[in-house]
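Chains as they are written, first to last, in my numbering: chain L, 19 to 135; chain G, 3 to 113.
Don't take each hint at face value.
[As the list claims (entries may be wrong)] Straight line, CA to CA, 25 Å or less: simulated DSS-like cross-link-like pairs of lysine-lysine:
hint : chain 1 : residue 1 : chain 2 : residue 2
1    : G       : 69        : G       : 4
2    : L       : 84        : L       : 32
3    : L       : 38        : G       : 44
4    : L       : 82        : L       : 32
5    : G       : 100       : L       : 59
6    : G       : 69        : L       : 82
7    : L       : 59        : G       : 69
[To be verified] Covered stretches of chain G, going by a simulated chain L footprint (3 or more residues, C-beta under 8 Å):
hint : segment
8    : 39-47
9    : 95-108
[As the list claims (entries may be wrong)] Here are the in silico distance ranges between beta carbons for each label pair:
hint : chain 1 : residue 1 : chain 2 : residue 2 : range
10   : L       : 131       : G       : 69        : 23 to 31 Å
11   : L       : 57        : G       : 24        : 20 to 28 Å
12   : L       : 59        : G       : 68        : 24 to 32 Å
13   : G       : 83        : L       : 58        : 38 to 46 Å
14   : G       : 82        : L       : 94        : 15 to 23 Å
15   : G       : 43        : L       : 105       : 41 to 49 Å
16   : L       : 78        : G       : 3         : 29 to 37 Å
17   : L       : 72        : G       : 11        : 33 to 41 Å
18   : L       : 20        : G       : 5         : 35 to 43 Å
Hint data in this document are derived by calculation from the structure and do not stem from the laboratory.
The beta-carbon is built from N, C-alpha and C at its ideal position, and this holds for glycine as well.
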Amino acid sequence: GAVVSQHPSWVICKSGTSVKIECRSLDFQATTMFWYRQFPKQSLMLMATSNEGSKATYEQGVEKDKFLINHASLTLSTLTVTSAHPEDSSFYICSARGIQAANTEAFFGQGTRLTVV
Amino acid sequence: QKEVEQDPGPLSVPEGAIVSLNCTYSNSAFQYFMWYRQYSRKGPELLMYTYSSGNKEDGRFTAQVDKSSKYISLFIRDSQPSDSATYLCAMSEQGAQKLVFGQGTRLTINP
Numbered sequence: 019g020a021v022v023s024q025h026p027s028w029v030i031c032k033s034g035t036s037v038k039i040e041c042r043s044l045d046f047q048a049t050t051m052f053w054y055r056q057f058p059k060q061s062l063m064l065m066a067t068s069n070e071g072s073k074a075t076y077e078q079g080v081e082k083d084k085f086l087i088n089h090a091s092l093t094l095s096t097l098t099v100t101s102a103h104p105e106d107s108s109f110y111i112c113s114a115r116g117i118q119a120a121n122t123e124a125f126f127g128q129g130t131r132l133t134v135v
Numbered sequence: 003q004k005e006v007e008q009d010p011g012p013l014s015v016p017e018g019a020i021v022s023l024n025c026t027y028s029n030s031a032f033q034y035f036m037w038y039r040q041y042s043r044k045g046p047e048l049l050m051y052t053y054s055s056g057n058k059e060d061g062r063f064t065a066q067v068d069k070s071s072k073y074i075s076l077f078i079r080d081s082q083p084s085d086s087a088t089y090l091c092a093m094s095e096q097g098a099q100k101l102v103f104g105q106g107t108r109l110t111i112n113p
């Protein structure tokens, strides 16, 4: 299957700092990427849908100024957690669908475990 | 009522057993159905992808979709301890970007 690479796989940061997570589709072009948050033993919670060249669409309750998403190319989307706080500690996962976005398989990155101390 | 219902388990079976994982859904517009396997602290891995109703087989895995009953299943034959993971169903409408996920079922295969 297609490969989506997410980096870093884990990060520890101090409270108040910002952290950037990268998501790359390695062997296909992804017009649309998705960012999820997952709490222990729970399913995926969609945070935002990222479209190449345009602003991300955030789900209700997700602070767009706190979780900055940039989708500068067809193979790269980034999520920046700004002014991180301990409650932002979580597992963040990106996903990408093919260039048609709809009606294609969705592939996931390896996930990033963020710990804010 | 959630759009997609999936029994969270946990489900524990002996090695070699046939495992049946299921999801029900309420949105009749769903056309695309996926099953993912997620190991602890890893991203979900796509196992099966099906369109509309019918069966699809890949090795030890078989996915079934019954749109008339709004019910999908994943069967695992000759289950192995390495199959121990959380299994997530996901689905989407024709032309939709977003996937709707089930809660995930935690499966343990006992040697």
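Hints versus structure:
no. : hint                       : verdict
1   : G:69 <-> G:4               : 17 Å, holds
2   : L:84 <-> L:32              : 16 Å, holds
3   : L:38 <-> G:44              : 19 Å, holds
4   : L:82 <-> L:32              : 21 Å, holds
5   : G:100 <-> L:59             : 22 Å, holds
6   : G:69 <-> L:82              : 37 Å, violated
7   : L:59 <-> G:69              : 29 Å, violated
8   : 39-47                      : holds (count 5)
9   : 95-108                     : holds (count 11)
10  : L:131 <-> G:69: 23 to 31 Å : 37 Å, violated
11  : L:57 <-> G:24: 20 to 28 Å  : 24 Å, holds
12  : L:59 <-> G:68: 24 to 32 Å  : 28 Å, holds
13  : G:83 <-> L:58: 38 to 46 Å  : 22 Å, violated
14  : G:82 <-> L:94: 15 to 23 Å  : 36 Å, violated
15  : G:43 <-> L:105: 41 to 49 Å : 20 Å, violated
16  : L:78 <-> G:3: 29 to 37 Å   : 19 Å, violated
17  : L:72 <-> G:11: 33 to 41 Å  : 39 Å, holds
18  : L:20 <-> G:5: 35 to 43 Å   : 26 Å, violated
Figure legend: structure checked against the earlier numbered hints; hints not met, in rising order: 6, 7, 10, 13, 14, 15, 16 and 18.
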